[in-house]
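Student: Use the sequences and the hints to build the structure in full.
Here the protein sequences line up with chains X and E, keeping their order.
Numbering follows our numbering, in which position 192 of the first sequence is assigned residue number 192; successive positions increment by one, without gaps.
Numbering follows our numbering, in which position 150 of the second sequence is assigned residue number 1150; successive positions increment by one, without gaps.
Stretch by stretch, here's where chain X covers chain E in the computed footprint (C-beta under 8 Å, at least three residues):
hint	region
1	1047-1057
2	1064-1076
3	1095-1106
Source of the hints: derived by calculation from the structure; they are not laboratory data.
For glycine and all other residues, C-beta sits at the position ideal for the given N, C-alpha and C.
The primary structure of each chain is shown beneath.
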Amino acid sequence: MDATLKKSLQKTATQVRIGIIESIHSAKAGHPGGSLSCADILTYLYFAHMNIDPKDPKKSDRDRLVLSKGHAAPALYSVLANRGYFSTDLLLTLRKQGSILQGHPDMKYIPGVDMSSGSLGQGISCAVGMALSAKHFGESYKVYAVLGDGEIEEGQVWEAAMFAANKGLSNLTVFVDYNGLQIDGSIEEVNSAAPIDKKFDAFNWHTIIIDGHDFDQIEAALKEAEAIDKPVAIIAKTVKGKGVSYMENNVNWHGAAPNDELTAQALAELNEALKQLD
Amino acid sequence: MADIKTVATRAAFGAALVELGEKRNDFIVLDADLAAATQTGMFKKAFPERFYDCGIAEQNMVSIAAGVAATGKKVVCSSFAMFAAGRAFEQVRNSIGYPHLNVIIGATHAGISVGEDGATHQCNEDIALMRTIPGMTIINPADETEAKKAMYAAMDHDGPVYMRFGRLPVPVVFGDDYDFVIGKGVELKEGNDVTIVATGLMVNEALQAYELLKQEGISARVINIATIKPLDTEIILKAAKETGAIVTAEEHSIIGGLGSAVAECVAEEYPVPVVKLGVNDKFGHSGPAVKLLDEFGLRAVNIVEKAKKAISMKK
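Tutor: What follows is the structure, encoded as structure tokens:
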């Protein structure tokens, strides 16, 4: 990847993380860990990959994304705001009564949100439906979905996986945000779906394993996916809470907002990271 | 009676899909390995390239339908009522209902008239479940004519529609001149002593009850409510005011269905006795459909009995 683009994406992803922390702090609730872990994936998709137009959020030939792990809404909102779909000021209204920024994505009112999601396991099926629609009606757009590694314990995910392969939906690419933690503990402790890649392989998907924080690898995986005549699962190994030292790999930050002091620390770390990138 | 034409509303559903498929190609049909039973198989045969079988995975099918609709295309998804409304309830609520997407859910084999398959497949709860979803339109056609016309209307409707069809062939009570409008009840018989509000296959029973009551000198009004949500409160309240007593009749649990909808409406706006006839908070069981309707008290004679009770309760 071009070094300038890479640096620009790294800066953007850091801004996105700042938006995640600020919005969750303002909401006094939300899911920082899993938002921070998928921030790089979403940043790459919206800033370097997808055919979208923030000025025309509903253009019919746009690529679609379903945030199947809907609790990572702060990451999607921060990406959309930074991309210009709406003002970054709006991020501070996250989860507040009267705000369009619902606790989980709402396609009716939030510019850029292609599908309402939040009830785990349903988003991938909706993405499959979008991919089926594109294929059936001869439209060329691509469909992306981002799933959690805990989410794939839902049986519906595998119903969707079976169908997508059976119907040859090569216009569908799914990321699994493999951060290793879910609310009740590590995925191994709770009910591990590992080996995730072999499961998608067995469902007749093409599977790619990457570091979900490495833009070169995200880019290469998406390039590889485009040439494959099957649905593609990109198993992205990530760090839950990535970018905020005290949140990294700590399950307690799955669904808790930082207080003022910890927010200040998180923002200091992220601003320092931004400075390092200059 | 032998010359009365009987057609299952599920067959009308299948036939309507084929007719609609001939007129427009902007929709697809999904089923979950029950195409032969739901009758989407008729559409599959006519337009194989526009039909997608999701296999035995109703929850996935419902969310897929939502995804198709989210791209601006029309979609019909079909399974038995038990699985479409029951098993996939949360998918219907969150994937389709919450974003208010244009999906038609073609739910067949509703009620105990499923017959021999027994209680696991006899869904008497679907109307209750679907009524709780904001913005959901629920249509329970009485016969072939109404089922077809309702499918045409549903295809042009903005928002999700739950279409409820039956397995048992039932008499065709409406002619081609019958006018179906979503949300509008239809007064089939004039009357002043009591009103029978019926839906689905109970509409034909209500018409027979009208004759039986007439023989006893009781003047019953008969109203067909195909659209259970949004309920035509105007026609219900008019009946409450003019006849002072109501009987509801449905092949569904007495909890949460048409009877509940009517009782809620009347209790809040113009209280009069409302006596409900339906499946009385019981599971069904195996048996020939027509005998189950006798056993569970879903017949004209049962409506007559409830009508007399309602009249006796008038103040």
